[in-house]
Each structure stands twice: as structure tokens, then as C-alpha cells.
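S.K.: Take a look at the letters that make up each chain.
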Amino acid sequence: MTSRSGLLRALLRHLGSFVLTLVGCALLLQLLLALAPGDAADLVANDPVLRTALVEQWHLDQPVWRRTLESLAGLLTGQFGESLTFRPGTPVSELLLRGATSSGPLLFGALLLSVGLGSGMAWLKWERGARLLSIVSVAPVFLIAATTTTALNQVAFAGLQAGWWAAPAWFALPVNNHPLKTALAIAALAIGSGAFSEIHQASHESLRAIRSSEYVDAAVARGAPLSDLVLRNFLLPLSAITARRAAFFVGGLVVIEKVLHVQGAGAMLWQACRLRDWPLVIGLSLLAACVVAGTRLLADMSRLALDPRLRGQA
Amino acid sequence: MSALRPWAGVALLLLPVLIWVLSLAANYDVIADVDVSRASLAPSVDHWLGCDHLGRDVLWRLITASESFVGPSLFACVVALVIGVPAGALSGWLGGLPASLTRFGLTTVASLPRFVLVLLVCAAFGNSVQLIALAAGVAYAPTLAEAIYARIQSFRHRGFVLAGQAHGLRSGRILWLHLLWVNHRRLILRHCVQLFAYFLLLETTLSYIGGLDGAGSFGVAQPDPSWGNMIAFEWREPQANIWATLAPGLATALVLLGATWTGRSLIEEQA
Amino acid sequence: MSVHLRSLRILAGKRALVSQVSLHILPGQITVLVGASGSGKTLTARSLLGLVHGIEPGIVAADLEIQDGEVIHRPYAAVDRERAFVPVRGPLIAWLPQNPRAALDPLQAVGAQIRDCLKLSGQNTGLDVAPEPWLERVSLAKSVGRLYPHQLSGGMAQRVGIALALARGSRFLIVDEPTTGLDPSLRAGILEELKRARDSGVGLLLITHDLRLVRQLGDHLLVMDRGCIVEDRPAQDLSAMQSAQAQALWQATLRLEARQ
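Protein chains in written order, with our numbering: chain E, 1 to 314; chain U, 1001 to 1271; chain G, 2001 to 2260.
Just chain E, with the same shape it has in the complex:
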């Protein structure tokens, strides 16, 4: 098979699996919610007449296949209907947009920071610093965020009492909005719950395998510079590592946004789950699946571009 048609096939396969995954997710979500013993109307109405009206108004009586089709259509058009109980009557698409704009920077900031830190420290062989951060990294995200905010508030309060400074703008974290809070959220997400230590460990191991490989030895023996060679070969495992962590960070968003009072998609999902606002839950979950599957697609594509072995056979 020629390399070009192999490449095309691989591209199509990855794209196809991306689309199929989203279809599968939509079906899974609808099935899950259809099997649920309660719905949003339970939270609102004790009155059977009102209940019937709500069920009709909220389309709670539609069959699963129809709802799946609707949510798939929603993926294409961005329309997932209206929110039921979270912000009654507001289009879900509007809420999704609002959530994504405040959560996006957190998510990608954390992804960049943790991959940068983890792989960078493995690359530079900062063993001691990495070991220290790995220990910190064991603590759950919520614990890191809560401890840091408390410590910062204590410091600010102590300084205030001692007359060193006027109350800083971020005083009373996490209630106040401040760039510091965003930075804190990104850092906690990037390091906590094992994120840093796992990325560092995986990078460290792939780098060690590359550095002790025959081709690196051969390059050393030729007196060739190594950084290009090692970097090129390291990008392959690194893209896989990054893609694997994406799902983890999307889940972590819920935690960090709840703990630090960020009005983003994650906190919205938690609230929507509490209020059984199914259209919003579906919209947010599919958004999460899009991000996860999209990152995986991106990683697969970049591996395809980098690695001739994947292009040849398909």
C-alpha cells in the first residue's frame, strides 16, 4: 500500500471513530437518564396537575431514540433545548457558551502547565524538584486548593493586622474574583490528585527508554547533537500522555470550580445534576466528551504526522 493512501485511511479511521464515539456518548447519556427513577418535575411539583403540565412542557415523556437523535442534532447545531431548573427557560447553548468561556482557560492552562512541568522536569532531569512536587501532587485537588486559599487569607490577615498592607484585592479567597484565584485554580488542577506525578513519571520513563536506545547511542557515537533526535522521538509518547490526561482534567474542573467558586461549566454541571436539569446535563456532558475525544483525535493526528510507521500500514 502506498504511503499516501495509508495516510488517508488512517485519517478517516480516526475521524470516524471520533464521530462514532460522540454518537455512542449521546446514546449512553440518554439511556442512563431514561433509566433514572426520578426527573426534574419531582423536585418542583407535588401537584399532579402541575406535574403533568411540566412533563409535557419539558418533553420528559419522549422515547430514548428520539432524545438521542435530538441530542446528536444538538451537537451539530449547538441547540440542546432549554434549561429546566438551573436557569428555567434559558437556552442550554447560551449556558454552555458561558460555561466554556470561563472553564476553557482553566482547562487548557492546567493541561499546558502540568504537561510542561512534568515533561520539562523529566527532560532537564530535575530529580529533586520533581520528587518534591510529586509528594505535593499526591494530595487531592480540593485539599490543595482549600489549604492554599486558607493560608493566603491568613497571611493577608496577619499582614493587615500588623499594618504591613491594606487589604489586598484578593482578600477573602475564594469568594472574590481575582487573577490570583484563576492562577491558583490552574496550579491546583495541574498538580493535585496525582496529575503532576503521573505525567512526570510517564515522561521520565519514555525519555529513559529513548536515551538508552540504540539509535541514540549511534548518534552519540557519530558525535551528532542529541536534543533534536530525542525531542522528535519524545513527542510521540508525550502526545499520548497529554491525551490521556485530558479526561482527568475535565473531571477535575468540576472539583476546582466548586471549591473555588468559579462560575464555569464544571460548577454548572454539579448544580445541573443536583437539580436534575437533564437538557443542561446532556449538553455539558457532551461538551466534556467533545473535549476528551477531540484531544484524543488531535493527539492521534499529530502522531500520524510525526511517525512514518503509522502512516505506512493502516
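Hints were generated in silico from the structure; no laboratory data involved.
Note that beta-carbon positions come from the ideal geometry of N, C-alpha and C, so glycine has one too.
No incorrect hints appear here.
So these bits of chain U aren't anywhere near chain E, every CB distance computed over 12 Å:
1. Leu1015
2. Val1082
3. Leu1177
Here are some chain E residues the structure puts well away from chain U; computed CB gaps all over 12 Å:
4. Gly74
5. Thr77
6. Leu112
7. Gly120
8. Ala183
9. Arg232
10. Arg303
Listed below are the simulated DSBU-like cross-link pairs for lysine-lysine, each with C-alpha atoms no more than 35 Å apart in a straight line:
11. G:Lys2014 / E:Lys125
12. G:Lys2195 / G:Lys2142
13. G:Lys2119 / G:Lys2195
14. E:Lys125 / E:Lys181
15. G:Lys2142 / G:Lys2119
16. G:Lys2119 / E:Lys125
Guided by the hints, dock chains U and G onto chain E, whose structure is given.
M.R.: Below, chains U and G alone, put in the same frame as chain E:
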């Protein structure tokens, strides 16, 4: 130091299991144990870790809280094993269409972040630790299956497997005994340790946020003790006994550290 | 110009993997290092480039002397060995590891790798960094330059390895088991390339377990057994070898040939 790490890890990991057994044996009623007269008491001989702001003994709550995650996380491990091992092993061994379908299903589940999936299950079916454990097990299964799939597939055409087939060994025996048990039991055990840690993380996180959130939220809710909701319960108390937040936080971090160390020591050299 | 390695000792724990090995490589000559598997041949070869790692211990003692005209390099005597090996690795000594395909960067096309070597060697500071002439020199088609290592056969990979060494312009070439796993016609082709390299003035150290190669192209013969050199002689008249181990190896080779 680094030679001791695996043992320290196992010890830290077994600690909550021991505490769990102790707690089941003692069967102490922590819910009735309210005494406002000893609110926010500092550690003393009678109350080793002091009391929280409702005057409940912190140590007993710490011990009893193990019931909210040790048993369920073992249950989660069983769920993940029952789904993940056969799915990964069979799709790696058989290949073809069934394998593609199985892996597609697993990828689909894995495309929803685990935390989101657990939250959805809680929202749909009600908030109980057993349900969270079931959801966590299902959500973890794709990771386990994918790891096993990759290894079985790479071992599938190795010399010793082909030789075994040539000698007339049954495929089932080669797959379950030689491939899974002999060659990959460490891998499977490592994933169980990781899932155990993940469940602890999940349960404390849910209970912490649920504790901040108030009634009707997710996770283990007061007055039932959980390391997560103990932290949330005392966090904003101005006169709090500091051990009431520090102890569960430290306990969580230590068990997670133990799991990390144990997991590291179970990573085998890639064959 | 010549390479002299004297009194090399490599220990693993208390066990000596290589002890008291001395050898010389001279320009325009092929020195053949023969030995059974595990006799320490490859370790010896790697020590010439300061590449003994991966095993726990290291080189306990070695005196490596490389004469380059007036200049004499003694990298093991230097404080900073890594730096002392810089002028040795590449310009002076090149190395073709046992598995030629694994020694090529899997992500780069062959042509680009040869071009990198040419740039390194600095002999083509002008425009001419085209890999094609070097491919032709080792009897490969020009189109091979577009292939990636995983698309090469064993024989092709071996030739590419030789082309890389030639393009790097090294004065000495260490070749580790070049004919293992090749069929007789490919073998003959590779040996032909090595001979041509020798005739252009490159000094070769050829590592093999096959004594027959010595007769075909050797100038000097060394036989290693359990980490020691047991035979060190010109490559003519092999039946007159002194040591029992070398004789046994020779007799086995003769029997094998008689059977074939």
C-alpha cells in the same frame, strides 16, 4: 530510603483496611456521640484527637469514616475486574469484529470523564456510596481493559504462546493462566491499587464538596462520617480544633501516598 | 594514525567481564575480533567510544590512545571523559551497532539522516549535502533516500549504516556483527562494501563470531574468550594458531565447512 518505599507504601495502604476491620468490630455509634459541652476540645487523654465543634470525638469519626470507602472501593475493584479483565483479554486474544465493538464501547465510556460519569449516576439514581462505587468501577474498567488489551495483543504472537499452541495446550489455558496470571497479575494488581486510591480520592472529594454544598448534594453527608465531609464540616469554624480538619486531610494524603508508592513498585520492566 | 587500546578492564560487581584486553586498529587494515557469544567483544568495541553504560559497573581501567597525526587523544586519562570523547566520536571513530535498523532514527527518512551526517562532518560546507552519491557508494538506489528505517530490509539497513559512517568521514569504523542474519549473497555484498571502505584508507575493527570472515578479508586476527584475548596474530595461516580455544573454534569452523 527508596528501598523501603514499597514496604512503606504497602503499610500505608493496609492501614485503612485494618482501621476498617477495627471499626466494624468496635461498632461505635458516632452519630449519637454528640456532646456540646466538649465542643472544639483540644486533644487530650480521653479524646486523642480532640473533638469537633459539635463535640464529637474526632478519632472515632476518623476510624468509622473508613467504612465509607474501604468496603465500597473493594467493591469497585471487583466491578472493574469483572468488566475490564475479560473485555481486555478477550478482545486482545480474539481480535476482529467483537474486539473492535468491545473497544468502541470502552472508548465511549472513557470519553466521559470518570468524575462526570459518577456525578451523572448519582444524579440519576440517587446518592449512595454503593452506587458511587459501582459507577467508579464501571468508569475505571476501560482503563484496565485497555492496558490488558495492549499487553495481550503484544504477547499474542510471542514464541511461548505459539509454542504452547503447537504443544496442544488449550487456548483458554494459555490466555488465563500463562498470559494473564503468570505474566500480568502485577499489572492487574497495580490497577486495583490505583482504583482503590481513585475511589478514596473520589469519595473524599464528593463528600467535601457535598459537605460545603449542604443538604441534597452528593457524597457521604453528615452526620455519617467521611474524611471529606469532616474537613468541610470544620473548615469554616473560627474556633475549630485544628486536628478535626488536619487529621482527615493527612489521613487521605497518606493513604494516597501509600497507593502511589505501592503502584510504583508494581511497575514491571517492560518485556 | 592509529587507535591503541591497552589493558581494558570492565567489572560487573566482582566479576570481570573484560580483563586485560589490548588491541590496535590501523588505517587501511581490517582487524577482526572473533569470539563466542558473551566473550566481551561488543563491550570492548563500545569502550572505544566511551559508550559502556546500561550495565551497572563501568570501566575500571583503560588506556585508549588515538593518534591523529601529531595530536594524541587519550580520553580515558581526561578528567571530563564525556568531553574528551567529543573529538573521538564521529570524526575519528564511527560505530555500526549489531542491529543496524535499531541504530537509525525511526522517525527520519534515510536521506535526511545522511544529510545530517554530511553537515556534521563539515566536509560539505558548500551546497553539496546531497545524500544520493553516498547511497550509490554503498550500491543502494537513489530512491532509498526517501524510505524510513522500518521500510528497510536488514541488508539495506546495514548498507545505510555504512553510508552514514562514510558520510561522517570517520577514519576508523567499528562494525559489530555485520553479517548476522543475512543470506550468503547479501553477506558477500556487505563484505565487499567493507573491503572498499578499507581500500579507501579507513581502518576497520570487525567483530564477529565467524572465523570464515577472517580468511575472506582480515588483515589481523584477535580471538577473545571469556573476556580475555587468547590469540593475537596476522590473519594468515589460521591452522597455526597457538591457544587451545582458538584452535577449537577453528576446527569447528572447518568441520562446518566440510559438512556444507
